[in-house]
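Please take these sequences and the hints and turn them into a complete structure.
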Amino acid sequence: MSRSGWIRLPALGSSVEPFALLLALYLPAAGNATSGRAIFEGKGACLACHAIGERGGSLGPELSKIGVIRSPEFLRLALVNPDAEIAPEYFTVVAVTKGGQTLRGIALNEDDLSIQIRDSDGNPRSFLKNDLKSLRRERRSVMPSYADRLTAAEIGDLVSYLRTLRGPPPKIGPRTRQPHHAYSSIEFLDRIGRDAEERPDTLITALEIPAGATVADLGSGTGYYTWRLARAVGPGGKVSAVDVQQAMLDRTAENC
Amino acid sequence: MTIRYVVALASLVAAAAWNLVGQGLPISSDRLLKAADEPGNWLMYSHTYNGWRFSNLNQITTANVKNLRVKWLFQGRHTEKFETTPLVVNGIMYLTRPENAIYALDAATGRQMWMYEYCNPPRTFNCCGRVNRGLAILGNTLFMNTLDMHVVAVDARSGHEIWKTEMYDYTEAGGYAAPGAPLVVKDKLIVGMAGGERGVSGFLDAYDTKTGQRLWRFHAIPQPGEPNFGTWAGDSWETGGVTTWNNGSYDPETNTLFWGTSNPWPDYNDDFRAGDNLYSCSVLALDPDTGKLKWFFQFTPHDLHDWDSTQIPILLDTQFRGDNRKALAWANRNGFYYLLDRTSGTFLTAKAFVKQTWAKGFDEGGRPELIPGNEPTPEGNDRVWPGVDGGANWMSHSYSPLTRLLYIFAREEHRMFSKNALPHPTTEPAANVIAAPTTMAQANAGAYDPAIGGAITRAVGTPQESWGKVIAVDPGTGNIKWEHRVLTPPWGGVMATAGNLVFGGTLEGMIFALNATTGERLWTFSSNGPVFASPISYTANGKQLISIPAGDLIVTFGLD
Numbered sequence: 001m002s003r004s005g006w007i008r009l010p011a012l013g014s015s016v017e018p019f020a021l022l023l024a025l026y027l028p029a030a031g032n033a034t035s036g037r038a039i040f041e042g043k044g045a046c047l048a049c050h051a052i053g054e055r056g057g058s059l060g061p062e063l064s065k066i067g068v069i070r071s072p073e074f075l076r077l078a079l080v081n082p083d084a085e086i087a088p089e090y091f092t093v094v095a096v097t098k099g100g101q102t103l104r105g106i107a108l109n110e111d112d113l114s115i116q117i118r119d120s121d122g123n124p125r126s127f128l129k130n131d132l133k134s135l136r137r138e139r140r141s142v143m144p145s146y147a148d149r150l151t152a153a154e155i156g157d158l159v160s161y162l163r164t165l166r167g168p169p170p171k172i173g174p175r176t177r178q179p180h181h182a183y184s185s186i187e188f189l190d191r192i193g194r195d196a197e198e199r200p201d202t203l204i205t206a207l208e209i210p211a212g213a214t215v216a217d218l219g220s221g222t223g224y225y226t227w228r229l230a231r232a233v234g235p236g237g238k239v240s241a242v243d244v245q246q247a248m249l250d251r252t253a254e255n256c
Numbered sequence: 001m002t003i004r005y006v007v008a009l010a011s012l013v014a015a016a017a018w019n020l021v022g023q024g025l026p027i028s029s030d031r032l033l034k035a036a037d038e039p040g041n042w043l044m045y046s047h048t049y050n051g052w053r054f055s056n057l058n059q060i061t062t063a064n065v066k067n068l069r070v071k072w073l074f075q076g077r078h079t080e081k082f083e084t085t086p087l088v089v090n091g092i093m094y095l096t097r098p099e100n101a102i103y104a105l106d107a108a109t110g111r112q113m114w115m116y117e118y119c120n121p122p123r124t125f126n127c128c129g130r131v132n133r134g135l136a137i138l139g140n141t142l143f144m145n146t147l148d149m150h151v152v153a154v155d156a157r158s159g160h161e162i163w164k165t166e167m168y169d170y171t172e173a174g175g176y177a178a179p180g181a182p183l184v185v186k187d188k189l190i191v192g193m194a195g196g197e198r199g200v201s202g203f204l205d206a207y208d209t210k211t212g213q214r215l216w217r218f219h220a221i222p223q224p225g226e227p228n229f230g231t232w233a234g235d236s237w238e239t240g241g242v243t244t245w246n247n248g249s250y251d252p253e254t255n256t257l258f259w260g261t262s263n264p265w266p267d268y269n270d271d272f273r274a275g276d277n278l279y280s281c282s283v284l285a286l287d288p289d290t291g292k293l294k295w296f297f298q299f300t301p302h303d304l305h306d307w308d309s310t311q312i313p314i315l316l317d318t319q320f321r322g323d324n325r326k327a328l329a330w331a332n333r334n335g336f337y338y339l340l341d342r343t344s345g346t347f348l349t350a351k352a353f354v355k356q357t358w359a360k361g362f363d364e365g366g367r368p369e370l371i372p373g374n375e376p377t378p379e380g381n382d383r384v385w386p387g388v389d390g391g392a393n394w395m396s397h398s399y400s401p402l403t404r405l406l407y408i409f410a411r412e413e414h415r416m417f418s419k420n421a422l423p424h425p426t427t428e429p430a431a432n433v434i435a436a437p438t439t440m441a442q443a444n445a446g447a448y449d450p451a452i453g454g455a456i457t458r459a460v461g462t463p464q465e466s467w468g469k470v471i472a473v474d475p476g477t478g479n480i481k482w483e484h485r486v487l488t489p490p491w492g493g494v495m496a497t498a499g500n501l502v503f504g505g506t507l508e509g510m511i512f513a514l515n516a517t518t519g520e521r522l523w524t525f526s527s528n529g530p531v532f533a534s535p536i537s538y539t540a541n542g543k544q545l546i547s548i549p550a551g552d553l554i555v556t557f558g559l560d
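If you read the sequences in order, they're chains A and B. Read in our numbering, the first sequence has 62 at position 62, and its numbers run on one by one without any break. Read in our numbering, the second sequence has 463 at position 463, and its numbers run on one by one without any break.
Be aware that one or more of the hints could be misleading.
[As the list claims (entries may be wrong)] Chain A side only, calculated, beta carbon under 10 Å to chain B, not exhaustive: (1) ASN109; (2) ASP112; (3) SER114; (4) GLU187; (5) ASP190; (6) ARG191; (7) GLY193; (8) GLU197.
These are computed hints drawn from the structure, not numbers from a lab. Here the structure is a predicted model, which is why all the values come from computation and not from measurement. Glycine included, each C-beta is placed from N, C-alpha and C at the ideal position.
Next comes the structure, spelled out in structure tokens:
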């Protein structure tokens, strides 16, 4: 038998209005997202290297969910100073062939014998290291800085547009609740490898939850996120886990 | 079918059975002692009790290794990678496939003969993959440890289970597991266990190979009233970790079993575990008949960096400052190569084999003199070498009695260590509120795990700051004779052969052979499966083969 229920997780009163948090997360930053989109697709030529879904180039990161995983401050910094926070997989690779040709791009793969590169035109290339005169990585991005190419207002618009990129809406189809399947679902929700698939800590860091916040974990399952949220809100905060299956709530209490 | 044909067939079957029984099985304990005399077989994890992982086969040489080619593949058809060392007995290979399956294969073709599968519960608790590292054999019986803390005995001819023993409740504390290979010593099966990241209490067990009955248990954390119990503050000993998750070595001359131990728990936060935390990060020298401790040596007292000492002990005789010593050679995860006297545990010398920042030297007894500033910090400390996975890890090193060099596939890796607030293990869960990462540096440190008092630290810096290297070390001095650098820090071990070669594989799946004298790379093969295991060599139909796991494949090479 199942019933809806609540459990209270270790936390005390909150000093932050919960809806303020939700608003902060979902309202775009100051700037005009529509203008930002025009810049992205026009003057900024961002699509030359970045894709959103199927459209665009592949030299830079795909951006269809960038609004979820990066803060406005991070996005602004990435536009003004692309070298500041650069992941090693986007370091510039400079390969010089024995024939004297120099190629720049990003590394797609590498082992001791060969390296696979996406060159600055977006083409995948592969070289045996024996055929190269030199090979080096530079800790800078192949992306140019937009500090001099766009005005501060235009960068603000672009950031606002990027913040709207939150991935495709979830597909909602006909569905029957089957609470009696709780136990098989528990195995799935607590599966080995979920951390690697979902990177929950990256997600919670990106949510920028203030200490002391109140968070509702609706459909909390086995408490996979509940406890992580509890740590994020800290001793002054509060997390409420809600689920329709008592077995899930029981598991949440065990999973701390 | 004529009667004559049936008789002929029957005698063929009889001959084959005689071959199997007469020349292959059973494996006596005496044959295990003299395993080096059977170079065509691979009878235990490290090939021989001295931990050398050296093959006396010499058909494949520096001259012809360029002609090596793939003879067969075995596909694990599993999402988890192989970390196993197969055994080979007269042309039959026995190997474990994740999670806990055993396969018997024709070693000449890779064709399956039988399969046994042990079913683990859906949720088990090994820290680092649902893996298994191999088997032991005695008589006609194979032995395997399981992720849910059982030991199983399986008939090597049929794959039928003979007995099954529970070592410990795998759900206790944060979870116990047994991913390592067991070791047969005389008539006993020596079995280690894992869980150093989960607040367990470590031990090493011996079981009766016939019945599965437990004969002794050595607690790797001293129990109340035992010597060295006082090296743990308060009640931290109850959850102090100190597991025994890899394989050991055995010296028949002194009847001593050598086994390495893991880190103390919690890994990165020592607020509740002041003291040396014996016998963590140590080598134990035990009497295999009784499980009594003869001596121990602690490489890293009061470890803060998860620098397990679970490497394979290497027993060799070497010159040290003009004297012949019965030595124990140990390239430790903490970045230092150690030479001990294996009859007494006396410290002889230590020398760094990778970049290290934490010890300025050693006192006479081998205790490191610490350099401040290497502790994990709340904001993350990225000025510590070696990294959390160490200069060496569980992968096998190899010693060649021909070159008298020790081969180590070493790791130069730049990582970040962070320390987070930790609930006292005995407080009520509701009172445990733990700060999540609040800075970019902490978030970058990787998956935050309150249970170990820090983050599971990830690589930091540029790709050029981390790499791997096969090194050839003079065991008497720790001097590096040659170095062969590879792209990334490895997770595979090495094997030296009498063909003057050193085999191994990289994380990118490049399998290689080096000249054992010079380190020159003579042959490569791109398997493109990450190598998380150590090679073996054996014969099938009289021909030398090399097998090495890569991803979920076993790749076997030979000459035409």
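Taking the hints in turn, this is what the structure says about them:
1. Interface restraint check for ASN109(A): the shortest CB-CB distance to chain B comes to about 8 Å, inside 10 Å, so the restraint holds.
2. Interface restraint check for ASP112(A): the shortest CB-CB distance to chain B comes to about 5 Å, inside 10 Å, so the restraint holds.
3. Interface hint at SER114(A): satisfied, since its Cβ lies 8 Å from the closest Cβ of chain B, which is below the 10 Å cut-off.
4. Below 10 Å, beta-carbon pairs count as interface contacts, and GLU187(A) has one with chain B at about 5 Å; its hint therefore holds.
5. Using the Cβ-Cβ criterion of 10 Å, the hint placing ASP190(A) at the interface with chain B is satisfied: the shortest such distance is roughly 6 Å.
6. Hint on ARG191(A) holds. Least Cβ distance to chain B is approximately 8 Å, under the 10 Å limit.
7. With 10 Å as the threshold, the beta carbon of GLY193(A) comes within range of chain B, its nearest partner Cβ sitting at about 9 Å, so the hint holds.
8. Interface restraint check for GLU197(A): the shortest CB-CB distance to chain B comes to about 12 Å, outside 10 Å, so the restraint is violated.
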